[in-house]
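> Since chain A is already given, all that's left is putting chain B with the ligands on it; use the hints.
Listed in order, the protein sequences are those of chains A and B.
First residue of the first sequence? That's 1 in the numbering used here, and the numbers climb one at a time after it.
First residue of the second sequence? That's 1001 in the numbering used here, and the numbers climb one at a time after it.
Please keep in mind that the hints were generated in silico from the structure rather than gathered at the bench.
Any given hint could be a false lead.
[Said to hold, decoys possible] Calculated cross-link-like contacts (lysine-lysine; reagent style DSS-like; alpha-carbon spacing at most 27 Å):
1. B:1161 / B:1110
2. B:1110 / A:180
3. B:1134 / A:180
4. B:1134 / B:1110
5. A:180 / B:1161
6. A:180 / B:1062
[Unchecked claim] Calculated from the model, a selection of chain A residues having no Cβ within reach of chain B, i.e. all distances over 10 Å:
7. 74
8. 99
9. 228
No residue lacks a Cβ here, since even glycine has one placed at the ideal position from N, Cα and C.
As a plain string of letters, each chain reads:
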Amino acid sequence: MTKPSLAVWKFASCDGCQLSILDCEDELLAIAGAVDIANFPEASREVKPGPYTVSLVEGSITTPHDRERIQEVRAQSGVLVAIGACATAGGIQALRNFSDVKGFTDAVYASPQYISTLETSTAISDHVKVDFELHGCPIDKYQLIRVLTDLLQGRTPLLPSESVCLDCKRAGVVCVMVTKGEPCLGPVTHTGCNALCPSYNRACFGCFGPKNTPNTTALADRCTENLGLEDEQMIRLFRTFNAGAPAFRTESERYENQNH
Amino acid sequence: MQVYRFEADALNALIATLRERGYKVIAPTPMDGAVVLGEITDAGQLPRGYCDEQEKGVYRLKKTDRDAFFDFNVGPRSPKRYLFPTNHVLWRSRQENGRLEIYSESDDEKPFAFLGIRPCEMKAVAVQDRVLSKGPFADRIYSNRRQKALFIPVDCTRAGKTCFCTSMGGGPEATEGYHLALTEVIDENRHFFLARPGEENSVNLLECMQAVPATAEEIKQGRDLIEKTAACMGREVNTAGVAEMLAEYRDHPHWEEIGKRCMNCTNCTMVCPTCFCFEVEDHNDLTGQNTERTRQWDSCFNLSFTYQHGGSVRHTNKARYRQWLTHKFSAWHDQFGESGCVGCGRCITWCPVGIDVTEEIQMFQEKTS
Ligand code: SF4
Ligand code: SF4
Ligand code: SF4
Ligand code: SF4
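The following block holds chain A by itself, in its conformation from the complex (with noise of 0.2 Å):
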């Protein structure tokens, strides 16, 4: 039987996800013995030609360019797993889908008519059909080895979609909202990082992303009404890396149109 191919791919991104795959250094011998690493340039210049049974595409959508070579992506591919934050939600790069791209082009660049870019960071599942999500900026590499493992046995992978909080009182950590008054985005986000903020003392920047059945508001009222958050302070604190994940998207413009 030969072995199940794994293909990495890069849309608009930093490779921090893919690096993760890198820093699974005492997992690296295992993951190459159970597939066949076929496509991923930053760890090997040999290129096997597709299709791949499994592909794990880093990165979100802003060209022309890239939206085409998404859909050559997905053609190639058995199982397309989206990675990280960028190709989850858009990434940090999706703040300008609340701006003006062209102004910005216009500025930044000297020659900005050879300047090809969308008006918007779009996540993956924007433009083709995703198997798997796995969040996070950076993923964590657990995880990803946990995908893999279910990918390779056939199953669907499982992970939770519940709150950060779930695993922040699990692990035993002081909840850094109820002793500091801290606004943390816990609550509404995404676990799977094993509450890594939080354990060193520090609020859930929401990295990765939102839980199943987020409640924006209720965790927005209370930073504003109980804890003295402003406005801006509000649109800043859902605009990181999952700014254009829907329900923090439509939390900041709640704020942003004073809608609230």
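What follows is chain B with the ligands alone, placed relative to chain A:
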């Protein structure tokens, strides 16, 4: 019952003796802005000179000008964390030459000695006992840890603003299940502990602290403190008819109103000392040869909690909050013959948006009367 007295600085001898006898001493200790339960090896790790201020969604740790060891109320952790671990491997299996070997995991945790836990936590252990170690499906891990554990609670001589144990049939004095119950007494001149040995004879623990029989005056000092505490609970619930009311008004519009405020974040169930729900997962390694089955704490606020083929049964916030409140104050009576709430107030303090069970129950009482 003979009551004994020992000087406050003898606590170290008690901790040392427990450790010599092979116990892991679990006691309150300050950590990251709260008093939490954790393993201690020395009385210096107790939260001496600290107190807490609690309100709905708010906890602040403060320094006091007193030297008391136990001047605070309950923190986010409870004995549940130790008796019913958050994550546990149940068994492993290995596939070799076409054969499947299954290994059950032993629990080699040392016995716990809980020092300085509160009367409501003793009551919560008794509630969990009925769920996890009585009846035909006793949980092996819990029952084993529970049986080996030693309990040395300290009565409350101060009530928190979110406490309501007296409403739930408890009180600031430990009355059941303990090996040694202590009351801390401190004034300008003296700092000592009163000690009541429990049914399980633990008089021998008193020797290491050079305890002596307490005088009538000392016993009265302790009594007065407990009575004063019972009289100043921060919150109150009139439990009469609550179980029936919650069961009857399942479709009351107030559930919808709470659902707008609740984030289904799970904090209330995680900190509740009686919540016992868990989920079970199987994982294997990349080769597919090695598998383990683990169990971890779960919550009825999770969407996955009621997932069945096709979707989750309780997909709205309203339905999930209703499950929690009704289970604690109503369905628990049907299942286990008592309330699932001991009035510790944790779910009020540790709810990030400050939803308060006592207020919500009162709202229902007002709106349905
Ligand atoms: S620190 Fe944040 S993630 Fe942790 S329990 Fe509190 S609100 Fe939730
Ligand atoms: S329901 Fe709330 S007050 Fe009652 S025992 Fe649980 S955490 Fe404590
Ligand atoms: S309230 Fe929810 S988490 Fe707690 S025991 Fe009941 S069903 Fe389980
Ligand atoms: S009641 Fe509070 S702590 Fe409990 S799930 Fe709702 S928001 Fe979270």
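> The structure should be examined with respect to each hint, and the outcome stated for every one.
Hints, verified against the model:
Taking the CA atoms of residue 1161 of chain B and residue 1110 of chain B, the gap is near 35 Å; set against the 27 Å cutoff, the hint is violated. Taking the CA atoms of residue 1110 of chain B and residue 180 of chain A, the gap is near 34 Å; set against the 27 Å cutoff, the hint is violated. Distance check on the hinted pair: residue 1134 of chain B and residue 180 of chain A sit about 40 Å apart at the alpha-carbon level, beyond 27 Å; violated. Between residue 1134 of chain B and residue 1110 of chain B the CA atoms are separated by roughly 23 Å; this keeps the pair inside 27 Å, and the hint holds.
Of the pairs offered as hints, the one joining residue 180 of chain A and residue 1161 of chain B holds, with about 18 Å between alpha carbons and a cut-off of 27 Å not exceeded. In summary, the hint linking residue 180 of chain A to residue 1062 of chain B is supported, as the alpha carbons are separated by about 12 Å, within the 27 Å threshold. No beta-carbon of chain B is positioned within 10 Å of the beta-carbon of residue 74 of chain A; the least distance is around 25 Å. Chain B leaves residue 99 of chain A outside its interface by the beta-carbon criterion, the shortest separation being 30 Å against a cut-off of 10 Å.
Every CB of chain B is more than 10 Å from the CB of residue 228 of chain A (nearest about 13 Å), matching its label as outside the interface.
Comparing the model with each numbered hint stated earlier shows that hints 1, 2 and 3 do not hold.
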